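Residue numbering for the sequence shown follows numbering that gives the first Met the number 0, beginning at 0 and increasing consecutively.
These aren't lab readings, by the way, just hints derived from the structure by calculation. As the structure is a prediction and not an experimental result, all values here were calculated from the model. Positions of the beta carbon are idealized from the N, C-alpha and C atoms, including for glycine. Any given hint could turn out to be false.
For each label pair, taking beta carbons as the anchor points, the in silico distance ranges come out as [claimed, not checked]:
#1 Glu60 with Asp27: 29 to 35 Å
#2 Gly72 with Tyr48: 17 to 23 Å
#3 Asn18 with Tyr58: 19 to 25 Å
#4 Gly72 with Lys7: 23 to 29 Å
#5 Ile47 with Gln83: 15 to 21 Å
#6 Glu74 with Lys3: 27 to 33 Å
#7 Lys61 with Lys3: 28 to 34 Å
#8 Glu74 with Gln28: 25 to 31 Å
#9 Glu74 with Asn1: 26 to 32 Å
#10 Glu57 with Glu26: 35 to 41 Å
#11 Ile21 with Leu65: 28 to 34 Å
#12 Lys70 with Asn1: 22 to 28 Å
#13 Leu4 with Cys40: 19 to 25 Å
Okay, derived cross-link-like pairs now, DSSO-like style, lysine-lysine, Cα gap no bigger than 27 Å in a straight line [unchecked claim]:
#14 Lys14 with Lys67
#15 Lys67 with Lys3
#16 Lys3 with Lys14
#17 Lys7 with Lys61
#18 Lys70 with Lys3
#19 Lys61 with Lys14
#20 Lys7 with Lys67
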Amino acid sequence: MNRKLLNKLCCPFDKSDLNVEIIQETEDQQIIEGILTCPNCQRYFPIIYGIPIMTPDEYREKALELPKLQKWGLEMAPNQESFQLQEPSGHDKLDI
Numbered sequence: 000m001n002r003k004l005l006n007k008l009c010c011p012f013d014k015s016d017l018n019v020e021i022i023q024e025t026e027d028q029q030i031i032e033g034i035l036t037c038p039n040c041q042r043y044f045p046i047i048y049g050i051p052i053m054t055p056d057e058y059r060e061k062a063l064e065l066p067k068l069q070k071w072g073l074e075m076a077p078n079q080e081s082f083q084l085q086e087p088s089g090h091d092k093l094d095i
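Using the sequences and the accompanying hints, generate a full structural model.
Structure representation (structure tokens):
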């Protein structure tokens with residue numbers, strides 16, 4: 000994902016501007032891994048292999064995203080249908 004596209008993206012749920020935490024980026028500013036978060040609704044949208052996953056909640060699979068979140072030191076809020084993050088227990092939190 001090209002870093003220049005970040006200012007064109009907004010939360011698909013409430014149209015708020017998104018925050019980004021870049022995990023891996025190439026020299027030519029292509030984001031390989033990262034996470035977009037909405038400060039308003041608290042939803043997250045991972046960037047995996049350069050693709051931001053911004054589909055509606057009902058089309059996303061938590062089981063597929065959970066390994067990446069754990070690798071990044073993040074946790075999903077338990078027993079929630081929406082894709083919201085919670086502060087991990089015993090881990091350093093990413094500033095998002």
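Status of the hints after comparison with the structure:
no., hint, in the structure
1, Glu60 with Asp27: 29 to 35 Å, "holds, 31 Å"
2, Gly72 with Tyr48: 17 to 23 Å, "holds, 19 Å"
3, Asn18 with Tyr58: 19 to 25 Å, "holds, 23 Å"
4, Gly72 with Lys7: 23 to 29 Å, "holds, 28 Å"
5, Ile47 with Gln83: 15 to 21 Å, "holds, 18 Å"
6, Glu74 with Lys3: 27 to 33 Å, "holds, 31 Å"
7, Lys61 with Lys3: 28 to 34 Å, "holds, 30 Å"
8, Glu74 with Gln28: 25 to 31 Å, "holds, 29 Å"
9, Glu74 with Asn1: 26 to 32 Å, "holds, 29 Å"
10, Glu57 with Glu26: 35 to 41 Å, "holds, 37 Å"
11, Ile21 with Leu65: 28 to 34 Å, "violated, 20 Å"
12, Lys70 with Asn1: 22 to 28 Å, "holds, 23 Å"
13, Leu4 with Cys40: 19 to 25 Å, "holds, 21 Å"
14, Lys14 with Lys67, "holds, 25 Å"
15, Lys67 with Lys3, "holds, 24 Å"
16, Lys3 with Lys14, "holds, 18 Å"
17, Lys7 with Lys61, "holds, 26 Å"
18, Lys70 with Lys3, "holds, 26 Å"
19, Lys61 with Lys14, "holds, 23 Å"
20, Lys7 with Lys67, "holds, 24 Å"
When held up to the earlier numbered hints, the structure conflicts with hint 11 and nothing else.
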